[in-house]
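**Student:** Sequence:
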Amino acid sequence: MKKISFISAVSIGLLSISLAAASPSDAVGQIRQNATQVLSILKGGDADGARRKAEAYALPYFDFQRMTALAVGNPWRQATDMQKQALTREFQTLLIRTYSGTMLQFKNAKVNVKDNPVVNKGGKEIVVRVEVSNSGEKPVNMDFSTYQSGSRYRVYNVAVEGASLVTVYRGQFNETVKNKGIDGLIDELKTKNSGKASKS
45 MKKISFISAV SIGLLSISLA AASPSDAVGQ IRQNATQVLS ILKGGDADGA
95 RRKAEAYALP YFDFQRMTAL AVGNPWRQAT DMQKQALTRE FQTLLIRTYS
145 GTMLQFKNAK VNVKDNPVVN KGGKEIVVRV EVSNSGEKPV NMDFSTYQSG
195 SRYRVYNVAV EGASLVTVYR GQFNETVKNK GIDGLIDELK TKNSGKASKS
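Counted the way the numbering used here counts, the sequence shown spans residues 45 to 244.
Any given hint could turn out to be false.
[Claimed, not checked] Have a look at the derived ranges for each label pair, beta carbon to beta carbon:
hint: 1; residue 1: 81; residue 2: 177; range: 15 to 21 Å
hint: 2; residue 1: 85; residue 2: 227; range: 34 to 40 Å
hint: 3; residue 1: 118; residue 2: 169; range: 34 to 40 Å
hint: 4; residue 1: 223; residue 2: 88; range: 40 to 46 Å
hint: 5; residue 1: 164; residue 2: 228; range: 33 to 39 Å
hint: 6; residue 1: 122; residue 2: 234; range: 16 to 22 Å
hint: 7; residue 1: 168; residue 2: 207; range: 21 to 27 Å
[As the list claims (entries may be wrong)] With a cut-off of at most 25 Å between alpha-carbon atoms, the simulated DSS-like pairs for lysine-lysine come out as follows:
hint: 8; residue 1: 87; residue 2: 151
hint: 9; residue 1: 236; residue 2: 222
hint: 10; residue 1: 224; residue 2: 234
hint: 11; residue 1: 97; residue 2: 168
hint: 12; residue 1: 154; residue 2: 97
hint: 13; residue 1: 87; residue 2: 154
hint: 14; residue 1: 182; residue 2: 87
hint: 15; residue 1: 236; residue 2: 128
hint: 16; residue 1: 87; residue 2: 158
Treat the hints as calculated values from the structure; they're not laboratory data. Because the structure is a prediction, the values reported are computed rather than measured. C-beta atoms are modelled at their ideal positions from N, C-alpha and C, and glycine is treated no differently.
Sequences are here, hints too, so could you generate the full structure?
**Tutor:** As structure tokens, this is what we get:
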């Protein structure tokens with residue numbers, strides 16, 4: 045979970061990226077440019093304000109519904125529209141509350157966006173490779189899975205050293221759905237979010 049925490053904390057800040065690109069190389073250039081801007085925001089004097097600003101800037105570039113569907117797995121197909129909305133809302137809240145607080149730990153990180161993105165499905169999926177180095181720690185390789193939505197690319201999964209964020213949560217969610225059903229998973233997520241909110 046330490047690696048997943050690292051992924052998400054960096055992702056929320058790093059991926060405040062307008063990926064309005066016509067080609068993989070343009071997407072790489074846009075990520076490189078905006079990563080620099082986001083790290084600059086995080087270095088601002090008001091820590092909480094900088095974190096909130098980075099979050100607000102980043103969130104539109106994540107597809108939380110698709111991330112939730114992948115994390116829930118097969119049971120997602122049996123969920124009602126209302127259940128899907130609730131799952132997406134609670135999973136998004138969980139990710140933000142769990143990881144955004146640690147984002148500032150990486151404000152001095154060095155971000156190396158690689159020039160060799162992986163293009164799949166005839167260009168419909170682009171996996172952008174990034175190496176993140178934080179002081180005193182071994183560099184970490186991260187893969188951001190994106191797809192084009194209008195004039196930008198949206199992120200629907202993040203992997204670090206091969207460990208997928210949605211896959212890690214899928215194992216937890218499947219066990220809960222098996223024992224308590226979809227509504228049980230929603231209730232469990234609400235409880236976790238309530239707990240985190242009460243501690244903040």
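**Student:** Hints first: check each against the structure and report whether it holds.
**Tutor:** We went through each hint and held it up to the structure:
1. 81 with 177: 15 to 21 Å: The hint (15 to 21 Å, Cβ to Cβ) holds, given that residue 81 and residue 177 are roughly 19 Å apart.
2. 85 with 227: 34 to 40 Å: 39 Å, holds
3. 118 with 169: 34 to 40 Å: 21 Å, violated
4. 223 with 88: 40 to 46 Å: 45 Å, holds
5. 164 with 228: 33 to 39 Å: Once the Cβ atoms are compared, 35 Å apart, the range 33 to 39 Å for residue 228 and residue 164 holds.
6. 122 with 234: 16 to 22 Å: 20 Å, holds
7. 168 with 207: 21 to 27 Å: 24 Å, holds
8. 87 with 151: Cα-Cα ~6 Å, so holds.
9. 236 with 222: OK: residue 236 and residue 222 at ~19 Å, within 25 Å.
10. 224 with 234: 14 Å, holds
11. 97 with 168: With Cα atoms ~30 Å apart, residue 97 and residue 168 exceed 25 Å; violated.
12. 154 with 97: The given pair, whose Cα atoms are some 20 Å apart, holds under the 25 Å limit.
13. 87 with 154: 13 Å, holds
14. 182 with 87: 22 Å, holds
15. 236 with 128: Roughly 18 Å separates the two Cα atoms, so the pair holds.
16. 87 with 158: 23 Å, holds
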